[in-house]
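**Student:** Single-letter residue listing:
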Amino acid sequence: MSASEPLISIVEDDESLRLAVVGLVRSLGYRTLAYGSAEDFLAAEEARTSNCVVTDIQMPGISGIELKQKLVADGVAMPVIMVTARTEPAVHERAMASGAFCLLRKPFTADALIACLDRALAA
Amino acid sequence: MDGGAQGDLFDLVHDSVFVRGLDGAILSWNAASADLYGWPREAALGRNAHELLGAGHEQSVAELEARLLADGRWEGELARQAANGSVLVVEARWSLRRGPDGAPAAILESGRDITARRAAEAALRRSEYRYRNLFQAMAASFWELDFSPVGGMLRELRKAGVADFGVHLAANPELTREMMRQTRVIDVNEQSVALFGERADLLNASVEPFWPEASTAVFGASVAAAASRAPSYASETRLKRLDGSEFDALFTACFPPEAVGKGTLLIGVIDISERVQAQARLQRLQTEFAHAARVSMLGELTASIAHEVNQPLAAIATNGSAGLRWLARPEPDLDEVKALTGRIVADAQRAADIIARVRGMAMRHEPEMSSLDLNDVVVEALAFLRHELQGLGVETEAVLSASLPAVRADRTLLQQVLVNLLVNAAQAMGGMEGGRKIAVRTSHDARGVEVTVRDTGPGVAPEDRGRLFDSFFSTKASGMGMGLAICRSILETHGGAISAIDPPDAAGGACFVFNLPAAEDVAHTKV
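From first to last, the protein sequence lines stand for chains E and A.
Everything in the first sequence is counted per my numbering, starting at 1 for the first residue and increasing by one.
Everything in the second sequence is counted per my numbering, starting at 1 for the first residue and increasing by one.
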């Protein structure tokens, strides 16, 4: 794995799911950074160089949607893939309105995430 | 007349002795007569004895004297009057004295004052009568038992070196049964007949048939109590009727020293089967209510629970896919697959744990008392609601005492209490703009273990505080008003209590505190 491989940040408060997503993304040959909260991600200098971020929506503190809004406010254009267990249409609408690249519902299939990532990295 | 000389001799006698002529005139009068009747000799001599002293008897004096003339002697009780007017009961003996010609000449009467003895006997009769009346009239079944052979058995045991009868009898149920066989029924009242069976079959029987095997220890404990000179003994137990059916009874035994000295004892039996059944019905009803409340609460939490289970399932699926990818590479990376598979196992376990917790809450079961650490229950309740609280934007803080004594309680029911308080707190803060916080604290003192659940919400209005734990009282639009009522019922079943208190500082918010006795205290009160 070389530094030329895409760098994907994963933001998920549930540790086992975070580790699982990291494992999956690594199996695709990408480099990964993992954060337990949006705050940690936003504070990390190296995260700004990510090619894409995969974030949970529902987290203590800053949500995945707010994370995207902050990136937009900072002028950071990296694609944000959002993941949620919520089924309410309102959550989906707000996610899409914030500019999510794509939205995955838990439990999502690996193929769905891979397809999203492929498109995000090709964009 | 030889009255003087006789008078001297009779003066040495303790009993009253006087002689009267056939006409009734007193001819001699000893010192004891003067003492008894209060008439000095000078005043008595020559007076008609019956006029002076009266002669109260069922029969007339003429009839009595006719018998005396026929038999030569008469004895009986007479009511005689003393100089001061008081009536004396006198045990009198009359004997006829004859002249040299053999003809009746005079009557000698010796008398003993038995007034006090008769009064005591009458009092005793009245007391016995009262006791009999009580014995018969009481609504409880009473038994008078002959216990004396058991006293002998206890003395033998003492001689053989048995120091603690309670321990010895508990360890030797067969000996206790033998003591039952040696204890015989002297008397029973009507209630006993109504409760146990025919009087004829109860009397003179041993008490053994009335004691089911399982109640042997209670009889043993009552014997030990009697031997330790306890004034009484009482216990709830099961007893058996003559027809073999069993019932719940309150058994009491009384050991007044005079009765124990005679080798008898009095026991009372009250049929409490209806009370016990009512309690059991109430217990079942409470169990059902608590269960219904849990199920309805689970309904409210369905979304959270689904999310909680989804989380590990998503992780498992993702880990599995990643594993397949590592295996599909031209050179499979087995170390990666091994790590992923380990995580799959852990996540599957986590999902199973969540389901077990939910199922525990959803199942209806009779309360099962076990020794619990309340800190564990707090941690479990917070874990159960982790997602719900997170979804509502509630921050939690648990300050758990490191040295909490165990409590004896049903785990699911206590979890229900905590989950209820936590959900209430979270919902109460629903309308707030952030700053939603729940603090759970455990502590303990001499009275037991205490749990405080405090939020930063609007708090409880003072006028609601008194009704808060009433059934069907709710401040929530959609609330059933059963949650806190059930919390209180659960805590009372466990010998604890719950209340809403003012927050320790003036920061506001609602503060609920409940306490439970520590497990060792529970054990003490049971003995």
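Derived by calculation from the structure, the hints in this document are not laboratory data.
Glycine included, every Cβ here is placed at the ideal spot set by N, Cα and C.
One should not assume that every hint holds.
Computed far set for chain E versus chain A, every beta-carbon distance over 10 Å [said to hold, decoys possible]:
no., residue
1, P6
2, L17
3, R31
4, A43
5, T49
6, M59
7, P60
8, A85
9, P107
10, A110
If you want the ones that stay clear, here's a sample from chain A, every Cβ over 12 Å from chain E, calculated [said to hold, decoys possible]:
no., residue
11, K159
12, A160
13, H168
14, C254
15, A293
16, D347
17, M363
18, L389
19, V394
20, T396
Here are the simulated distance ranges between beta carbons [claimed, not checked]:
no., chain 1, residue 1, chain 2, residue 2, range
21, E, D74, A, R447, 38 to 46 Å
22, E, R86, A, E395, 38 to 46 Å
23, A, E433, E, E93, 51 to 59 Å
24, A, E395, E, A122, 49 to 57 Å
25, A, E300, E, A123, 17 to 25 Å
26, A, D505, E, I114, 17 to 25 Å
27, A, E395, E, E93, 49 to 57 Å
28, A, T341, E, I114, 16 to 24 Å
29, A, D353, E, D74, 37 to 45 Å
30, E, D74, A, L327, 48 to 56 Å
**Student:** Now look at each hint and say whether the structure bears it out.
**Tutor:** Here's how the hints hold up against the structure:
1. P6: Check passes; 16 Å lies beyond 10 Å.
2. L17: violated, 4 Å
3. R31: holds, 15 Å
4. A43: holds, 20 Å
5. T49: Since the minimum Cβ distance to chain A is about 24 Å, T49 (chain E) lies beyond 10 Å and the statement holds.
6. M59: Since the minimum Cβ distance to chain A is about 8 Å, M59 (chain E) lies within 10 Å and the statement is violated.
7. P60: violated, 6 Å
8. A85: violated, 4 Å
9. P107: The claim is violated: P107 (chain E) sits with its nearest Cβ about 4 Å from chain A, within 10 Å.
10. A110: violated, 3 Å
11. K159: The assertion about K159 (chain A) holds, with a minimum of 73 Å to chain E.
12. A160: It holds; A160 (chain A) is separated from chain E by about 69 Å at its closest Cβ, greater than 12 Å.
13. H168: holds, 60 Å
14. C254: holds, 67 Å
15. A293: holds, 26 Å
16. D347: violated, 5 Å
17. M363: holds, 26 Å
18. L389: violated, 9 Å
19. V394: Not fine: 9 Å to the nearest Cβ puts V394 (chain A) too close to chain E.
20. T396: Since the minimum Cβ distance to chain E is about 10 Å, T396 (chain A) lies within 12 Å and the statement is violated.
21. E:D74 / A:R447: 38 to 46 Å: The hint (38 to 46 Å, Cβ to Cβ) is violated, given that D74 (chain E) and R447 (chain A) are roughly 57 Å apart.
22. E:R86 / A:E395: 38 to 46 Å: Since the Cβ atoms of R86 (chain E) and E395 (chain A) sit about 20 Å apart, the hinted range of 38 to 46 Å is violated.
23. A:E433 / E:E93: 51 to 59 Å: Violated, at about 22 Å.
24. A:E395 / E:A122: 49 to 57 Å: Since the Cβ atoms of E395 (chain A) and A122 (chain E) sit about 40 Å apart, the hinted range of 49 to 57 Å is violated.
25. A:E300 / E:A123: 17 to 25 Å: Hint violated: Cβ distance 42 Å, outside 17 to 25 Å.
26. A:D505 / E:I114: 17 to 25 Å: violated, 54 Å
27. A:E395 / E:E93: 49 to 57 Å: violated, 27 Å
28. A:T341 / E:I114: 16 to 24 Å: holds, 20 Å
29. A:D353 / E:D74: 37 to 45 Å: The hinted range 37 to 45 Å holds for D353 (chain A) and D74 (chain E), with Cβ atoms some 40 Å apart.
30. E:D74 / A:L327: 48 to 56 Å: violated, 40 Å
Of the numbered hints stated above, those contradicted by the structure are hints 2, 6, 7, 8, 9, 10, 16, 18, 19, 20, 21, 22, 23, 24, 25, 26, 27 and 30, listed in ascending order.
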